[in-house]
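Chemist: Spelled out from the first residue to the last, the chains are:
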Amino acid sequence: MKKHMAFPLRAKDLWLICGVYALYLIILQLSSPRDIGLRYGISGALHIILLLGFLVFQDSRNRLFSHEYSLVRFGSRKAFRRARNVSLLAETLIYWLPHCVFLLTAGITVRKDAGTVIVLTFFWLLDLILLAVMMSAADMLLFRRHGSALLFGLLLSLDYLQAMEMLFSIDFSLFYGTSLRLFHKGTVTAQDLILAAVCLAIKAGLAFWLQRLPEGGQRKRLAPWLRSSLRRVWIGFPLGAILALWWNRYSPGSLEGLWLLSFGMPIAEDLSGFLMILVNTLPFLMACFLFVADQSNDRTAVNILSVVREGTRRIWWRRRQLLLLVSGAGYALMILLGETITGYLFGLRSMNIGRAAAILRDLLCTKAAVGFVLLSASSILCLLLDARLVFLLVSAISMGAQLLAFGPRTAFTTAALRILLPCRASLLLHEEPAAMLDFSAWFYRGIDGLHPEMTAVYSGICALILFGVGLKLADSADFL
Amino acid sequence: MDNKIILRNVSKQIKGKEVLSHVDLELDSGRIYGFFGRNGSGKTMLLRAIAGLIRVRGKVIVFGKNLSKEDAFPDQMGLIIEKTELWPQYSAMENLDLLARIRNEIGEEEMREALERVGLDPEDKRPIRTYSMGMRQKLALAQAIMESPRLLLLDEPTNGLDDDAVELFRKIMQEEQQRGCTILIATHQKEDVAGLCSRTFRVAEGKCREEVRG
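Sequences listed follow chains H and R, in order.
Everything in the first sequence is counted per this note's numbering, starting at 2 for the first residue and increasing by one.
Everything in the second sequence is counted per this note's numbering, starting at 163 for the first residue and increasing by one.
For the record, the hints were derived by calculation from the structure and aren't laboratory data.
There's no promise every hint is true.
Said to hold, decoys possible - For each label pair, taking beta carbons as the anchor points, the in silico distance ranges come out as:
(1) H:ALA80 to R:GLN175: 26 to 34 Å
(2) H:PHE123 to R:LYS221: 42 to 50 Å
(3) R:HIS184 to H:CYS19: 56 to 64 Å
(4) R:GLN175 to H:VAL199: 47 to 55 Å
(5) R:GLN351 to H:LEU98: 48 to 56 Å
(6) R:GLN351 to H:VAL199: 55 to 63 Å
(7) H:PHE209 to R:PRO289: 33 to 41 Å
(8) R:GLN251 to H:ILE119: 37 to 45 Å
All values reported here derive from a predicted model rather than from experimental measurement.
Even for Gly, the Cβ is constructed at its ideal location relative to N, Cα and C.
Whenever a hint applies, use it, and build me the whole structure from the sequences.
Modeler: Shown next, in the form of structure tokens:
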């Protein structure tokens with residue numbers, strides 16, 4: 002195997018594989034034996050862990066290939082592609098070998114039908130190899146750190162939802178579903194095989210096409226702030242959404258319920274509720290933090306600034322703040338749209354379009370406003386203070402406020418929760434859940450009479466105040 | 163032909179703008195060539211075309227290998243591109259080791275020697291993300307020369323180097339030339355390398371003209 006790999010496996014790769022399989026074994030031990038997928042060594046939880054690990058592993062391996070210093074040493078693009086594909090094959094086999102061994106032994110033990118299990122495992126492996134090839138090709142196209150891991154993370158997330166028929170009522174998903182469904186059914190009919198073969202052919206075609214495209218540098222690139230945002234969306238959207246669904250074993254049926262999840266609010270006031278907050282809030286805050294830290298850390302601009310006139314410095318600072326706010330708001334919208342659209346698609350399955358659209362509008366207004374204020378505040382604070390400190394501060398406020406909603410309601414806590422925008426929905430949930438279910442268009446009426454649109458206006462005013470305060474502070478501070 | 167680098171009517175357009183415009187060049191082996199010009203004048207694109215990293219209209223032949231036809235890169239080429247950072251999580255030695263494994267032509271001794279030549283410590287175990295700009299540039303030079311290439315394409319090789327390091331760079335270039343290596347240097351810091359070059363070219367708006375020495 003070693004001689005087929007252009008680059009040897011590093012200690013970091015091996016630790017990653019060991020870590021993933023340690024988690025794999027723990028989940029196997031903890032999972033319910035009634036889980037049908039588990040009989041074949043496949044379940045949602047296992048699958049997510051293994052796939053996430055694989056994306057990280059492949060991303061790390063792709064880094065070695067996607068540098069031009071590596072590329073030119075292969076002599077030609079053809080030789081490079083050949084070496085990369087052979088290496089991909091070896092890497093995929095190394096990573097998935099333990100899992101395949103388990104699949105085969107468990108499957109044969111349960112079904113006592115070696116032929117079917119071997120066919121299923123074969124399809125499974127082919128799927129993974131094609132996934133790896135596509136990911137590697139996308140990495141070369143994007144020439145961007147973690148680019149393909151993000152892209153495929155997002156695609157696999159959506160594909161996972163479709164595999165569960167949560168997006169559309171069609172029994173089809175490209176990456177995730179085919180092999181998994183075959184395993185779950187445990188039998189293979191001719192129709193299954195045809196469907197699996199069609200999926201494989203589409204993926205093989207895609208992989209071939211991607212490999213033929215010219216690599217990065219000649220492709221159209223996205224605006225820098227959008228690229229940065231897309232990178233962070235990976236942390237905020239799919240991870241939050243999938244883990245949330247997984248932890249709560251949520252079955253779609255109520256749109257409000259799902260959207261409450263996307264707010265980071267628990268269905269039940271127990272440990273799973275607390276986990277929900279953690280799972281959903283932290284990625285969003287982390288994403289905000291990373292984005293803002295990324296945007297604020299422009300040392301070159303600061304250095305250039307130190308040699309220009311005082312008047313220009315102030316103008317630059319104001320422009321920069323404005324840019325931060327605009328890009329921050331755009332970024333927040335991307336995350337929130339991602340989450341809300343998932344919710345909307347879920348919702349469409351259980352209610353009519355008009356009603357779902359009305360709630361979508363309310364949620365977009367509210368969530369965008371919340372995100373805007375959070376980002377405005379943290380971007381200004383990040384420029385003035387240590388970015389890590391701001392992250393801790395914002396996290397503590399947000400988490401603390403959400404937890405506050407669980408405690409005994411006093412006049413003080415109610416007032417505090419009213420001020421803290423992200424918690425307003427929590428407050429309503431705990432005070433007037435019935436009002437929300439019946440009059441979702443008047444989402445916040447029970448609290449202070451504000452409509453969602455007014456919430457957006459209120460948030461805008463908050464953001465403007467923060468902006469003004471930030472400018473004033475910045476003018477007087479000796480931070481440059 | 164096998165000892166020359168030939169560009170015939172080479173042009174390249176990006177987003178409607180002509181970054182290389184009908185460039186004709188014929189360069190002999192074993193010499194040092196300088197390409198000077200402002201930022202955005204097309205120097206980098208020219209080197210990337212010779213390295214086979216971009217597809218261009220026209221003909222690029224490097225030591226008898228037609229790059230445009232074979233979709234290939236020149237053999238035995240060492241390269242410094244603008245994006246100098248390799249894999250930030252690994253040490254300098256590990257970075258060189260990863261690259262050297264692709265051609266599998268050199269061993270640890272050559273890698274250590276390359277690092278020492280550019281003034282880096284092969285025993286330094288720190289990941290290169292902790293390196294200064296100058297140290298990263300030196301590492302880029304080390305990876306370019308470690309396999310004793312026949313052709314060196316260096317884009318802004320003196321960026322971030324202090325005076326002593328620039329002097330060391332010149333010395334290395336002279337040694338490489340004496341070994342028979344053909345060296346093409348693109349830079350806007352003409353004073354750093356002009357004295358080394360047998361021929362110099364002015365690149366402006368995608369066009370390349372030889373400078374006549376007085």
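Chemist: Each of the hints needs a verdict: does it hold here or not?
Modeler: Tested hints:
1. Checked against the hint of 26 to 34 Å, the pair ALA80 of chain H and GLN175 of chain R passes, with Cβ atoms roughly 28 Å apart.
2. The hinted window of 42 to 50 Å between PHE123 of chain H and LYS221 of chain R holds, with their beta carbons roughly 47 Å apart.
3. Checked against the given bound of 56 to 64 Å, the beta carbons of HIS184 of chain R and CYS19 of chain H, roughly 57 Å apart, stay inside it.
4. The given range of 47 to 55 Å is broken by GLN175 of chain R and VAL199 of chain H, whose C-beta atoms sit roughly 40 Å from each other.
5. For GLN351 of chain R paired with LEU98 of chain H, a C-beta distance near 52 Å keeps the hint of 48 to 56 Å intact.
6. Here the CB-CB span from GLN351 of chain R to VAL199 of chain H is close to 58 Å, well matched to the stated 55 to 63 Å.
7. Taking 33 to 41 Å as the suggested C-beta distance range, the pair PHE209 of chain H and PRO289 of chain R conforms, at roughly 37 Å.
8. The hinted range of 37 to 45 Å is satisfied by GLN251 of chain R and ILE119 of chain H, whose Cβ atoms lie roughly 39 Å apart.
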